[in-house]
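Asks: With the hints as a guide, dock the two chains, each given alone in a separate frame, to form the complex.
Quick mapping for you: the protein sequence lines, in order, are chains A and B.
Each residue of the first sequence is one higher than the one before, starting from 11 at the first, in this note's numbering.
Each residue of the second sequence is one higher than the one before, starting from 149 at the first, in this note's numbering.
One or more of the hints may lead you astray.
Computed cross-link-like contacts, PhoX-like style, restricted to lysine-lysine with a CA-CA straight-line distance of at most 25 Å [to be verified]:
(1) A:K21 <-> B:K151
(2) B:K256 <-> A:K67
(3) A:K67 <-> B:K151
Since the hints were derived computationally from the structure, they do not count as laboratory data.
Given next are the chains, with one letter for each unit.
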Amino acid sequence: GAGVSQSPRYKVAKRGQDVALRCDPISGHVSLFWYQQALGQGPEFLTYFQNEAQLDKSGLPSDRFFAERPEGSVSTLKIQRTQQEDSAVYLCASSSSGGVVGNQPQHFGDGTRLSIL
Amino acid sequence: AQKVTQAQTEISVVEKEDVTLDCVYETRDTTYYLFWYKQPPSGELVFLIRRNSFDEQNEISGRYSWNFQKSTSSFNFTITASQVVDSAVYFCALSGYGGSQGNLIFGKGTKLSVKP
Chain A
11 GAGVSQSPRY
21 KVAKRGQDVA
31 LRCDPISGHV
41 SLFWYQQALG
51 QGPEFLTYFQ
61 NEAQLDKSGL
71 PSDRFFAERP
81 EGSVSTLKIQ
91 RTQQEDSAVY
101 LCASSSSGGV
111 VGNQPQHFGD
121 GTRLSIL
Chain B
149 AQKVTQAQTE
159 ISVVEKEDVT
169 LDCVYETRDT
179 TYYLFWYKQP
189 PSGELVFLIR
199 RNSFDEQNEI
209 SGRYSWNFQK
219 STSSFNFTIT
229 ASQVVDSAVY
239 FCALSGYGGS
249 QGNLIFGKGT
259 KLSVKP
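Chain B with its partners taken away, still in its complex shape (with noise of 0.2 Å):
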């Protein structure tokens, strides 16, 4: 069975602390993808990064960085220099053969509250 989880429910820190949302998921899939969202207020889902499961390289993206570690099955997303625009709940989510052809298997979300 493929399963996501997110073990931070809620997370709090003051502008520019730097924060690492955890993943942690699970697949028998040898193929398969790892995905961020950021869902704010607005309700509207924003992608934010995708993963294969052969490509293990680190990623930095502006303030975002992503780890992806097989070896503990984390895929941990890290923002540096939080800002108050960066007030989310992101998710994180597995795709893979196991389940449809391509439907996302998400984990319940960790709500970030930057305060200024």
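If we strip away everything but chain A, and leave its shape as in the complex, we get (with noise of 0.2 Å):
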């Protein structure tokens, strides 16, 4: 497709389990994104590639987040032993430009919200 796909589009787990969230970005975007979006919040960064390299992941909350792009391509974001407050909307976002700050805008994702029972 023309835009930055997510699946799944809903995940339910229960506290403990782990989970998968997929992201696959316009096609040739140097440059892909992560973020965190709680419930009436502004999404927050979690970590960033550019190609297959995770450049920044300062925004991780925990080592219980990982996340990898092994191809430059596909990105996934893996959560480890989910908690409550892992409860939120995960958003992708890509962008052509690489390296250099806000040249071209991020194409965001539907999303992936995600629900810890």
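Replies: This is the structure:
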């Protein structure tokens, strides 16, 4: 498709389970970002990839969160031993610019709504 | 530190009214970018506009206009003759060298409700 695709759209998991969220960016986009959006709040940065390199993971809230983009295209955000505070919408964005701040806008997917019971 | 403040949590207007959404930012960077995104109930963030810190010209796109004032660190967004389809949450965002290479710092958003 033409846009950023995320799956699943909704995910319900029990506390303590591991989850994996997938992001398929716009074809050819160099940069990929993950954001976490709590209810009623703006998105907050989690991590950034330029091609397959994870250049910034300063926003990941704990070592239970792990992201990868092994071939520089599809990315997976994994959360281990989920907790209730992990409940949020996880947004993925991609951009055609790499290494140049704000050079091109980020295009967002619909997000994955994660609910931890 | 970088910060974006959207003081208006919710705004309700009647169709055809004009409405202005406020955005105030803080940054120590001399080069930075400002953005507005729209988030309808479906959840997807839709890109509206990007401005760099060296271009203070106001911009108009149809019913949308943006007023960038560096002196007051503001980047306000005005919708003229609002329509029901404009109902959404609007986010102002900042990108600069202070953070990662391009990650966006978002405000908390302003929920706009346009009633018929």
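Asks: Does the alpha-carbon distance linking K67 (chain A) and K151 (chain B) stay inside the 25 Å limit?
Replies: Status holds; Cα separation ~19 Å.
Asks: Just to be careful, I want the Cα atoms of K256 (chain B) and K67 (chain A) compared with a cutoff of 25 Å; is the pair within it?
Replies: 22 Å, holds
Asks: Checking one constraint from the list: CA of K21 (chain A) to CA of K151 (chain B), max 25 Å. Satisfied?
Replies: 31 Å, violated
The structure fails hint 1 only (numbered hints given earlier).
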